[in-house]
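Which chain is which? The protein sequence lines are A and B, in order. Numbering of the first sequence is given in our numbering, commencing with residue 390 and proceeding in unit increments. Numbering of the second sequence is given in our numbering, commencing with residue 390 and proceeding in unit increments.
The set of hints was computed from the structure by calculation and includes no laboratory data. Each hint should be verified, as a subset may be incorrect.
If chains are identical, the list can't say which one is meant, so a pair holds when it fits in one copy or spans any two.
Here are the simulated DSS-like pairs of lysine-lysine, each with C-alpha atoms no more than 30 Å apart in a straight line [stated by the list, open to error]:
| hint | residue 1 | residue 2 |
| --- | --- | --- |
| 1 | Lys598 | Lys503 |
| 2 | Lys780 | Lys618 |
| 3 | Lys503 | Lys780 |
Residues per chain are reported as follows:
There are 2 protein chains.
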Amino acid sequence: MRCYHPAVAVGSSNDFDLVILGSGTGGYSAAFRAAQLGLRTALVERAKIGGTCLHVGCIPTKAMLESAEFYARVLHAADFGVRAENPGFDYAAIVKRREGIVERLHKGLQSLVKKNGIEYVAGRGRLEGGKKVRVALGEGGERILQGTDVILATGSRVKSLPGLEPDGERVVTSDDLMRLDRAAESIVIVGAGAVGVEFASLYADLGVKVTLLEYLPSLVPLEDAEIGKELERAFRRRGIEVMTNARFDPAAVGRGDGGVRLAVGPEGGERKELRAEMLLVAVGRAPVTDDVGLETTRAKVDARGFVETDRFMRTAEPHFYAIGDIVPTFALAHVAAHEGIVAVERIAGTDPEPIDYDEMPRATFCRPQVATLGKSEQECAAAGIAVKVGKFPFLANGKALIGGEYEGFAKVIARADDGRVVGVHLIGPHVSDFIGEASVATLLEATAWEMGGAVHPHPTLSEALGEAALAVDGRAINF
Amino acid sequence: MRCYHPAVAVGSSNDFDLVILGSGTGGYSAAFRAAQLGLRTALVERAKIGGTCLHVGCIPTKAMLESAEFYARVLHAADFGVRAENPGFDYAAIVKRREGIVERLHKGLQSLVKKNGIEYVAGRGRLEGGKKVRVALGEGGERILQGTDVILATGSRVKSLPGLEPDGERVVTSDDLMRLDRAAESIVIVGAGAVGVEFASLYADLGVKVTLLEYLPSLVPLEDAEIGKELERAFRRRGIEVMTNARFDPAAVGRGDGGVRLAVGPEGGERKELRAEMLLVAVGRAPVTDDVGLETTRAKVDARGFVETDRFMRTAEPHFYAIGDIVPTFALAHVAAHEGIVAVERIAGTDPEPIDYDEMPRATFCRPQVATLGKSEQECAAAGIAVKVGKFPFLANGKALIGGEYEGFAKVIARADDGRVVGVHLIGPHVSDFIGEASVATLLEATAWEMGGAVHPHPTLSEALGEAALAVDGRAINF
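Only chain A is shown next, with the shape it has when bound in the complex:
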């Protein structure tokens, strides 16, 4: 482990202990931890520090969702004994608030770069081998940075379906939606992963007519099947039209002044024509690895463009690491941050644990929220792991009744042999706020009995998680 010098002197030298290319959540988290561990660190960014998460992803969408959910609640204010006449919303004001939050956090990151003594290099970086980054500087000219170690963290971009080119007006991406100053009257959303269901929820709360199409048989198809089913029920109740197993011809989507039209139906079945003002393509993101000089390194890149690493984020090129959305793991900001931190700790020699993706929580901020960790029942079955399952519904949770949102459940999956928790699946109110408990529990190899034996305060939503853990052994109290 190298010595710790908190205020790293930054000079004009181009030699660094560590050069990080890309300053999204993964890149900047790696940089800050590197500085804490005494590494002279350069952080190269062609756009703004904070990346997708801060500028067009997690933060702005959650800010919009906050306003939309609040508006939806105001529509039912009388249920709470509260009067709010002539309820409405001002989309431009929602956007302005969102931008204010993004800017505040952006300024925060800029000050943390200074505080940590990071050399921030604004410009487009390109690898020249695994230890050198040539940066075309934003202000003109270039700078060649040499790193004892280099981390690639260039992130991802929205992608579409073959034949369905977004135009930013009729056929749009999530990036486009973050640029618009109004909501559509109606929208077809293609893809019911995290991005698709969050926008479906957001727009439904704002009164937009939403049709949600998913190719696979279930919403949030990577999650436990019961989660997808519960979400589908909840969405239907809210008036969202949901079509799973949906098939349509991306190249045949019609666009005109009136909006888009497409013929959608089940595989081999009859198709019906949908019309909407916009179509959102939410079919995932592609890694930004095509023009960063990866071919000058020995790193292995798969057919989809993802960089292959071990669980310390090392590529096949010595001293060259890859983290975040460019590696084929969960494309989530906190996972990128953790990957960056593990890479840096490995570089600094502090002997980190290798990453176990079964300990990484996932959160989706639709209404009801989805927050999960570890394996689904289906994955356990596929892996031949015998399990016991406990469930607890939020309608038996006092705080959920108090909040007026009590759809959903907590589900805990434990190994049948030793009771160890291998999956936690939550759908319901505010569940993203307490899935972190499952992270701690699985990191410490807790059994369901221990998780349920840990006392949860009353009356809180987290009691549902404790009860689900007890239910694994038939010992829930309040259901």
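Use these hints to put chain B onto chain A, whose structure you have.
For chain B alone, coordinates are given in the frame of chain A:
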């Protein structure tokens, strides 16, 4: 361990494996676990199943707080880009909603009594020695129940100060406030423990002029000193008048048609006259142990009326247990439930762990919320435990900014020698929902480094807790 028979036959016999006197959260939780473990169980209740928590405590107050906080947010709806004209509230409707929630949970408990095959005995029970309970039945007559083991769980009642008798109109208790169908115009609250600060927050949100008096130097005086300071700042910003070190003569409180008046000042200092429509006495609760026949047992009762037990809730009388608000531990519903469960598991011979009160979370639902576990810095100092402390402010947490409430902080206290977490102190938005993570962590003897290393999803409020844990070792990322 006795054999498990899920459907316990209930007959006219008066012989039970277990008789539980009192059906608050502690009593009914013990009963349900006892049934799961195959014990023939009788549950005696003179009022309604659910006790203080369900009928006049946790649940109804939190329901009121939910409405009040929502109203306060509606007043600032424009901040979220939401329009809500002429905002107001209907106190009677808030009360009606509250009662609906209580009744729904009450029905739920009644059905769980049936499901678990518990013999529910409605009437006033009195001990005759440690194994017999004589019940004056609600419908007349009496029934004498014999238990192999007996648990006393008679709970607590509001108390007042000597010379200050509540009258239910001018000088009131929290019970009285749950009976009223309107809010006062102004209120003086005596006592800034959990009950006092929750009512202060509730009424302030409803526009009531609130003066909060605390005898000790700090609000929530049992909590870490920094929590009390932060809460005081937040309350003052919200327009609540806060007086700590407050002295007045309880016997000299004037009552008239205009309300109450009292002269209050610091110890030995000048007093000023306060006038308000009501005075709430929130100075704690007294155990209901004075007329339950404890004198017929060998159980030890302290001068204040609390029953002494070991950490399995055993009294000095063999086979006779005491749990909940009648034992001198945290008077919290979830602690009572845990005490009841440990007592029952001890009775059933399933070898439970003795209770460690440093693993019991505490939650107070004022705004900002307070949620804590384990020792304060002051308690560590008094106990001679050398500690390291990490803090993280919610204003550096993206989700808190999004929610528009970002006062407060997360604070983690770890032992200096081995890093084990000994205290977690949260004040801020929704913190009651994720203090459960600290329960799991301390149950599993986690270090701060492990708690911080557990990945928290982004963007969530729980990230603040993870960052505070990392800050213990100077390793927070976003501050």
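Problem - Intra/inter-copy verdict for Lys780 and Lys618 if alpha-carbon distance must be at most 30 Å - result: Within one copy only: 15 Å inside a chain, 40 Å across chains, cut-off 30 Å.
Problem - Identical-chain pair category, Lys598 with Lys503, by Cα at 30 Å - result: For Lys598 and Lys503, the Cα distance exceeds 30 Å both inside one copy (46 Å) and across copies (45 Å).
Practice task
Pop the pair Lys503 and Lys780 into one bin, within, between, both or neither, using alpha-carbon distances up to 30 Å.
Solution key: Result: close only across copies, 20 Å inter versus 47 Å intra.
Checked against the numbered hints above, the structure violates only hint 1.
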